[in-house]
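Protein sequences, first through last, are from chains R and B. Here the numbering used here = 1-based position in the first sequence + 37. Here the numbering used here = 1-based position in the second sequence + 103.
There could be a bad hint or two in this list.
What the hints assert, rightly or not - Cross-link-like lysine-lysine pairs, in silico, DSS-like; alpha carbons within 25 Å at most:
| id | chain 1 | residue 1 | chain 2 | residue 2 |
| --- | --- | --- | --- | --- |
| 1 | R | K101 | B | K204 |
| 2 | R | K92 | R | K51 |
| 3 | R | K78 | B | K152 |
| 4 | B | K214 | B | K172 |
| 5 | R | K51 | R | K103 |
| 6 | R | K103 | R | K78 |
| 7 | B | K204 | R | K78 |
| 8 | B | K214 | R | K78 |
| 9 | B | K204 | R | K57 |
| 10 | R | K103 | B | K214 |
| 11 | R | K92 | B | K204 |
I should point out that these hints are in silico values taken from the structure, not numbers from a laboratory. Owing to the predicted nature of the structure, the values given are computational and were not obtained by experimental measurement.
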Amino acid sequence: GAVVSQHPSWVICKSGTSVKIECRSLDFQATTMFWYRQFPKQSLMLMATSNEGSKATYEQGVEKDKFLINHASLTLSTLTVTSAHPEDSSFYICSARDRGRGSTGELFFGEGSRLTVL
Amino acid sequence: AQSVTQLDSQVPVFEEAPVELRCNYSSSVSVYLFWYVQYPNQGLQLLLKYLSGSTLVESINGFEAEFNKSQTSFHLRKPSVHISDTAEYFCAVSEPGGGNKLTFGTGTQLKVEL
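With the hints as constraints, model all of the structure from the sequences given.
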């Protein structure tokens, strides 16, 4: 149980285009999902907190108009990188909190999505 | 504010040798502590966690970590490593009631060699 799936796992796009990454909780309901960005050989940087049915909360320095987050249902959150540029190339990872497990602090992570912008 | 320090960026070790990956944290309140493992081009998998109770926690694949409040540490240990343990290990902390917001350390690359 507690599986989180991301799609696509790999994506290559041209500069200036937009890319959407999906994060789904397959067997639980997630009121809260988190989006991270990971640079090579570095730690995860929290980008934003996505709450079902409300606006995402972005961390300082993250452009909300650049990284659009939608959490329309209890099992799906999407991250759209708009007008992507090569510097947006990175590994994007989502995680989700199982609302049925209370506030244990545990999060379940997706497999990650590697974005390469040419 | 919380922070997590993993002093060792890389730890090379021979197969069947013991290993310790260090993690120290700072927080003004009580914390939950986690170790996650990341294999190449994959997301993170929970290895073990400390929420409350016994300060020694164990994973199903032989890792253990001990919460030491006085030293604000949560070091990860394994008495005998295997090649398949080669991966990146992240220590993380969150605050009870903090909305599951995790703060990660910079990670330690464990490389097990024959």
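A quick look at each hint next to the structure:
no.	hint	result
1	R:K101 with B:K204	holds (19 Å)
2	R:K92 with R:K51	violated (28 Å)
3	R:K78 with B:K152	holds (23 Å)
4	B:K214 with B:K172	violated (29 Å)
5	R:K51 with R:K103	holds (16 Å)
6	R:K103 with R:K78	holds (24 Å)
7	B:K204 with R:K78	holds (22 Å)
8	B:K214 with R:K78	holds (14 Å)
9	B:K204 with R:K57	holds (23 Å)
10	R:K103 with B:K214	violated (37 Å)
11	R:K92 with B:K204	holds (17 Å)
The structure does not agree with the numbered hints 2, 4 and 10 stated previously, though it agrees with the rest.
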